[in-house]
Amino acid sequence: MELAKPVARLIEEFARLPGIGPKTASRLTYYLLRAPAEQVLALSDAIRQLRERIVYCQVCYNISEEPVCPICANPQRDHSQICVVEEPLDVMAIERTGEYHGVYHVLHGVLAPIEGVGPEQLKIGELVQRVRQGEVREVLLATNPNLEGEATAMYIARLLAPLGVRVTRLAHGLPVGGDLEYADEVTLRQAILRRAEM
Amino acid sequence: MESERRQRLYRAEAVIIKRRDFGEADRLVTCFTREHGKLTLLAKGVRKITSRKAGHVELFTHARLLVAKGRTWDIITQAECIQPFLPLREDLQRTGYAYYAAELLDLLTQEQDPNPELFELFLATLERLGRAEEPRLPMRYFELHAMGLAGFQPELFVCLNCQEPIRPAQNYFHVGRGGVLCEACGPAANGARPISLPALKVLRYMQTHPYAELEALRLRPAVHAELEEVLFQYLTYTLERSPKSVQFLHLVRERVNHGMMPAGPAGGPNGESSPV
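Protein sequence lines correspond, in order, to chains Y and C.
For the first sequence, my numbering gives the first residue as 1, with consecutive numbering after it.
For the second sequence, my numbering gives the first residue as 1, with consecutive numbering after it.
Check the hints yourself; a few may be wrong.
[Claimed, not checked] Dumping the calculated SDA-like pairs for lysine to any residue here, alpha-carbon to alpha-carbon at most 25 Å:
id: 1; chain 1: Y; residue 1: Lys23; chain 2: C; residue 2: Glu24
id: 2; chain 1: Y; residue 1: Lys23; chain 2: C; residue 2: Phe22
id: 3; chain 1: C; residue 1: Lys48; chain 2: C; residue 2: His36
id: 4; chain 1: Y; residue 1: Lys123; chain 2: C; residue 2: His250
id: 5; chain 1: C; residue 1: Lys48; chain 2: Y; residue 2: Val176
id: 6; chain 1: C; residue 1: Lys44; chain 2: Y; residue 2: Ala112
id: 7; chain 1: C; residue 1: Lys244; chain 2: C; residue 2: Leu66
id: 8; chain 1: C; residue 1: Lys244; chain 2: C; residue 2: Leu107
id: 9; chain 1: Y; residue 1: Lys123; chain 2: Y; residue 2: Arg53
id: 10; chain 1: C; residue 1: Lys48; chain 2: C; residue 2: Gly23
id: 11; chain 1: Y; residue 1: Lys23; chain 2: C; residue 2: Ala25
id: 12; chain 1: Y; residue 1: Lys23; chain 2: Y; residue 2: Arg53
id: 13; chain 1: C; residue 1: Lys44; chain 2: Y; residue 2: Asp90
id: 14; chain 1: C; residue 1: Lys69; chain 2: Y; residue 2: Tyr182
id: 15; chain 1: C; residue 1: Lys18; chain 2: Y; residue 2: Ala112
Calculated from the structure, these hints are not laboratory results.
Given these sequences and hints, build the entire structure.
Laid out in C-alpha cells, this is it:
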C-alpha cells in the first residue's frame, strides 16, 4: 500500500533532521496525525516564524528578531569589549554567568582545515572591520578550548595584533567538580602556569 | 566468563587524527592505532566540560585507549594521554602542518588495516613538526615515506621507460607512472614534468636515508618549492583528490612569511589593505 502523499512527505522531512531516523520520523508523523489541530498548527507556525522572523544581528551576527540584537542595542553594555564566540548558544552560556557586561561577536563556526572551513566562511573579516571602526578596547576570545577553537583564537589574535587592541583568551583550568587524577596534562599544565593568588 | 569479558575489551595505542561531534555530547573520533590501523571510535560525553576523557582524546594526541566493542561503533572507555605534542597546539603554522599530515594519513589508509611502520612514521612526524626549525623538511619526508608505506613508493633511480640508471642531467618526473624518466625518454612522455637535479638528489637522499641524517640539510627556497610541488602533484594524482587542509596551510604560511599578518584577510572577502 502506498502512503498518502502528505504523510509520506512529512516523514521524509522529519527524517532529514539530525538524530532522526526513518522509524522516529514515522512515529512523529503519526503522532501529529492524531494530535489536536491547535498543537499541530502551533508547531508549523513556530517553524515558519523561525524562518521568517529570525535574522542575524548586523553588528554581532547573533540570532535576533531585530536587525540589531538586544545586547548590541543596549546602551548599558560596554561596547568597547567584544567577546568572540563560535555559536549563538555560547552567547547564552556566557550570559548565564552574569559576569560579562560587554558585547559579542558570533563567528558561526571554527576553522576546520580538513572540512575545508577557512576564515572566509566565518565572520572573521567582519570582526576585524568592527575592531577597526569602533572604539574597541578589548577582544576576549572565547572559542572552545579544543584544537580547532585554539587555532581559530590564534588566527584572530594574529589578525588583530597590528590594530593595537588588547586581545585576551578565556582561561584554561580545572572544571568545578573535577578530579585532579583524571585531568589531562595540557589542562593541568595551564592550571599551574596560570594559577591564581588566594 | 573472564575470557569473554576480556574479548569485549581491547587496548590500542592511538593518535587522534580526526573527530566530529556526534549526538548530544559525544564525538566520533578517527584514530590511527598501532595494533589495528585506522579505527572510528565513539568517545562518549567528551564535549561535557567535566569529561575525564576529553583532554586525552584531543586532536593529535598520542594516547593509550581501552576500547569496548559496541554494536555500531566501538566505545572508548578509558583514555590516557602519552604525548600531547604541545608545540603543535601553540603555533598556528605547525598546527596547519599537523592537520595536513593527519589528512594525508586519513586519505592513505583504510579502516582496520594495521601498518605499524606508518604509525611510527606518523608519530615521529608529529614530533618533528613540533621541533623542526623548518617544518617543510619533516613534512616532505612524511609525504614520500607515507606514500611508500601505503604502496606508492616512487622510482627515483632508474628510468621507468628505458630502465637505464638515471644520470645527472635534465630528468623528468611522471606522476602517473610514479617515478622518473631520463633525459631521453622524458620529453616524449605525455604528462612528464622536468625535475631539477638538486630536487631529485634530495628526493633520492630522503628515500634512502633516515630522517636524522636529513635534518642537517639546508635547502634553497627554490628547491623547497620544487619538492613541495612535485610531491604534491604525485600524491594528489595517486589519491585522486586534493587534501583540503593545504589551503589553510598556505594561508597561514603566507602570513607568517610576511612577518606580520595583514589586518584584513589578504585577498579575502573584504580585500582591504592594511592601515599599519
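- Message: Tell me the hint numbers this structure goes against, listed in increasing order.
- Response: Result: hints 3, 7 and 12 break, sorted rising.
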